[in-house]
Amino acid sequence: AQKITQTQPGMFVQEKEAVTLDCTYDTSDQSYGLFWYKQPSSGEMIFLIYQGSYDEQNATEGRYSLNFQKARKSANLVISASQLGDSAMYFCAMREGQGGSEKLVFGKGTKLTVNP
Amino acid sequence: DVKVTQSSRYLVKRTGEKVFLECVQDMDHENMFWYRQDPGLGLRLIYFSYDVKMKEKGDIPEGYSVSREKKERFSLILESASTNQTSMYLCASRRLAGGHRKQFFGPGTRLTVL
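If you're matching them up, the sequences are chains U and C in order.
Going left to right, the first sequence walks through residues 1 to 116 as this note's numbering numbers them.
Going left to right, the second sequence walks through residues 1 to 114 as this note's numbering numbers them.
One chain only, chain U, in its complex shape:
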């Protein structure tokens, strides 16, 4: 079973509008972390934002915010005021394991296209 589900293979948004990218996760751990990465066409994975399972506030980083709903096991990425440079693949990931064996499990990604 998938541990990270991104149900939107592709999304379109107009420049300057906000967009939400969906991510649901599956874990029985009490302590876990959720990440969002951006991958432009150049290929490099860029860290955007992190949410810990015990964090009481939703994480924010500039125009990025994470809508964390623990009971629903969702961690949606919200991008405000979209820019053309936001066009990229976006991956949600969850940290699992402990210590040196800790690793990330990634979703299949959402391709975001920002239209002028």
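Calculated from the structure, these hints are not laboratory results.
Possibly wrong hints are sitting among the right ones.
[As the list claims (entries may be wrong)] Sample of chain C residues at the chain U side, in silico, Cβ under 8 Å:
id, residue
1, Phe48
2, Val52
3, Met88
4, Leu90
5, Pro107
6, Gly108
All C-beta atoms, glycine included, are put in the ideal place defined by N, C-alpha and C.
With the hints as your guide, set chain C onto chain U.
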């Protein structure tokens, strides 16, 4: 500035060749990872390492091996390349403890096996 480098951005090899993909990080990170990325499948973990000479299998280790002789370097080896190993390969590293332990990624190597 933190840096993860990979030996090649693009690589073309023939079926049956032995292929080495090199990854170097300059952040003194304990953990290093190798992923492959295919369209529609996201990133899948091949192998990872948490110390020199230590390695653990990820989700898809078949057909691959790894080597970590020095802390800063993590090599992915395709013993006998096959066409189904044509893919984008991404290396990452992270600190073992502290903070939220995010992974830092290299630019990727796009490997084509003919």
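Structure-based check of each hint:
{"no.": "1", "hint": "Phe48", "verdict": "6 Å, holds"}
{"no.": "2", "hint": "Val52", "verdict": "12 Å, violated"}
{"no.": "3", "hint": "Met88", "verdict": "7 Å, holds"}
{"no.": "4", "hint": "Leu90", "verdict": "7 Å, holds"}
{"no.": "5", "hint": "Pro107", "verdict": "5 Å, holds"}
{"no.": "6", "hint": "Gly108", "verdict": "4 Å, holds"}
Consistency with the previously given hints fails for number 2 only.
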